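J.: Generate coordinates for the entire structure from the input sequences, incorporating the hints supplied.
Residues per chain are reported as follows:
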Amino acid sequence: MRPISRAVLRPYVCPTCRHGITAGRRQFASKSDSPDLYDVVCVGGGPAGLGLLAALRASPITSKLKVALIETQDLRKAKAWDLEPNQFSNRCSSLTPSTVAFLRSIGAYDKLDVSRVQEYQDMQVWDGQTGSRISFDWSMETSPFEDMRTVATMTENANLVRALLRRIADSGDENLSLFSNSTVASIENGSDLKPDGPDLSAWPIVTVKPTGPAAETEPPKRIAARLLVGADGINSPVRTFADIPTQGWDYGRHGIVATLALAEPATAPFPASKRTAYQRFLPALGGPIALLPLPNNHATLVWSTTPEHAAYLKSLPTPAFLAMVNAAFRLDMTDLTYMMGMQSSSSDSTPSHQDELAWRVQHTPLPAQVPPPATGVQTGTVASFPLRFRHAAQYVSPRVALVGDAAHVIHPLAGQGLNLGQADVASLSKTIQYAVSHGMDIGDLLALERYSSERYLPNAKIGGACDLLHKMYNVPGEGPVAWARSLGLGVVDRLPFVKSFLMKNAEGY
Amino acid sequence: MASLRPRTLPLSVRALRSTIRSTRPSLNHFLSAPASAPSTQTHPTRAHSTSSVSADELSHFSSLASSWWDPMGPSRILHLMNPLRHEFIASCLAEGTPSPDPTSSTATLNYLDVGCGGGIFAESLARTIPLDPTAPAPTPTLAASMTAIDPSTDLIQMAREHARLDPTVDSHLRTGRFKYLNTTLEDVLAGNANTSTPASTPPNPSSEVKPTPPQYDIVTLFEVLEHIDPKTSTPLSFLTNCLRALKPGGWLIGSTISRTLPSFILNQVIAEAPWPIGVVPRGTHEWSKFVNPDEVKGWLQEGLMRAADTGVSKGGSAIAEGMRWKCVGAVYVPGIGWKMVPGSEDWGNYFWAVRKGV
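Residue numbers (full-length UniProt numbering), protein chains in the order written: chain S, 1 to 509; chain P, 1 to 358.
Be careful, since some hints might not be right.
[To be verified] The calculated DSSO-like cross-link candidates involving lysine-lysine, where the alpha carbons are at most 30 Å apart (straight line), are:
id	chain 1	residue 1	chain 2	residue 2
1	P	289	P	326
2	S	504	P	339
3	S	66	S	79
4	P	339	S	64
5	P	339	S	430
6	P	339	S	461
7	S	194	S	64
8	S	77	S	66
If you're looking for bench data, these hints aren't it; they were derived computationally from the structure.
Given the structure is predicted, the values throughout are model-derived calculations rather than measurements.
T.: In structure tokens:
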């Protein structure tokens, strides 16, 4: 879709001037030597880009398309990625059932190392200010005699990337070029190869430059794309080339991640395979803290808070950091705010974070849903990243499509980011299949608009809902907002059909 | 006659208001020679009007040519309909093909698109021709070659220019598997146009007289019938000529609009209502020229018999009785798009197909 402003203007502008309006980009013709022609060139080898490639290779309709993928990192390393069974990467994602279904349908889910993947069947969410609580599970949809249905599946991103790479490798290397360790040096328009060749003046030509040691010996390659897919993240060069603006803001929050080891739960879960994810909103500290289960009593931490708190938490020694994490699930806002300002000192005269927590927790009534205490942090896994909201003005442009973070970046509080990217990729690959089977040019707007009309609103809806939750749970104190959100949460928790509707929405059913 | 197709389209009212006063072309376009080459108009059997393309029609096409391929332009609704044409053809071929081995998935069928205009359908079908002729066909349309004809020089020129934007289609143009010919159906039948077997020679404007008329597996006729001017031609003679171009077992496939009360309300009253309700410029459609499915069926029955006529024998009515006839309606819903709706033939747009007996 072109910008609405242009579409609206069009009828009012005379044909000669209209040309100037729509042809605002790509004015630079390039050298006339003919580039290699590809049907799909995907910039970015993250879960979205690799998912698209795997989906295209898996479908009999699109498996003959000539495809290329350009990735800055070393894909061979990503394919050989391995960790000790009890070590977990700190970059984890929760896959919704619809993402899992997509990954199964393209034959990639089987390539995951399942021993490193953890399903969970219950999710406890509560408000640290008011204590109001909601629990997400499928018990209202299933009978007590069935196995509990999975709410989501935790996996390390590296495990997923490796699975997708394995799936792509299984499809053979015919019509496939993986430009690993390579950057996009430039994207520009092609030129008319008259009289011996086609007119490529509307085709994007990507100049691929090897990085690292190969940069000296290997010359840059020029490849032409029938469809150029931007899976290249928040600062997408493809989006810049297509001149697509983005709207959005920075939340002024950082997400802290870490891989934690948990104590044995005080009461064994029932049924024994049941796992629970925990999320507590901390309005006074700027965002929620979440603990998502990994195998063998491990969990991944995502704590959204202000940059100052994030810097403070990262500076703490491990025992103090663990005390803060445990405190964040247990203590009330006043105690937590106090502990956030404590000097961390090794001297015996000042009380340590652990002592402070031990003393304060005796005087705090604990709700039933508190997670088991975190007992260890895996070395080197504490990290933080800024939280942002971005939404591209459009997802498609002639011969360009954006997927994943290049199109939208949302608040991580619902764990939807990667899932939206996979839904994009599922939709785009279906769009390409439809176009190929109906003789359409897969780079043509008429083909691509199916993708953007399918994905734009759902992404805006989920992104907007996360933004709204973030804002509601950032109002500290016992004011009307806190009262209203508690009432809302309580009502939703007691109305199974509303909750089930929300869960289905969140999980892409 | 795709040069006529925009007539069936909702046009962007304001953008095109200046162009719609021109008379829309009619079937005599097909039956007469292109304006630029009146000397080719020599077919001895042609008994219809020989009126040439009028100046305001030509200027009308020139003005449309620039927006023909604009996905947001006046031809948008037609672009959106194009995938349905592929699906309808696939549904016809599922019932039988003229190819010797019906189970084979090799691309073997030779297509003729009559009235290709800017090439919306012709180019999309040419894109499905495999670059390697021995490779399995990528789509159920099984196209091995496409010949697209239109009498408008401007539109053929524009179609050729647009085809160069796709390297695959461009390569088919170069090998001759895909051809745009600025000619009429009659000249194709007479062998006056270059209709040599596909893939043998590149398109060549010089007239190459062939002793036998060309034989195509599929002849397509999308959004053409409703533009026939009853004063200068008849749908019957035109359809008969289309059937003559077909191989035994081949399909003649088209789409048009029926002349019924719902179609009058939809196409004349609502679609051509003043802005902002209407999406079609006033005067785009001439409801009286629309044709109903049973009329098409009748003409085709008669046409099949006439097409079977040879110098020595007459085609009998048995040919018409055993005719395989398909017809399905298509409905455009704003915001959703085109959908095939069986039984909606009388509401407006519909697809039809007939198979020539083996």
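J.: What hints, given by number in increasing order, does this structure fail?
T.: Of the numbered hints given earlier, the structure breaks none, since each of them holds.
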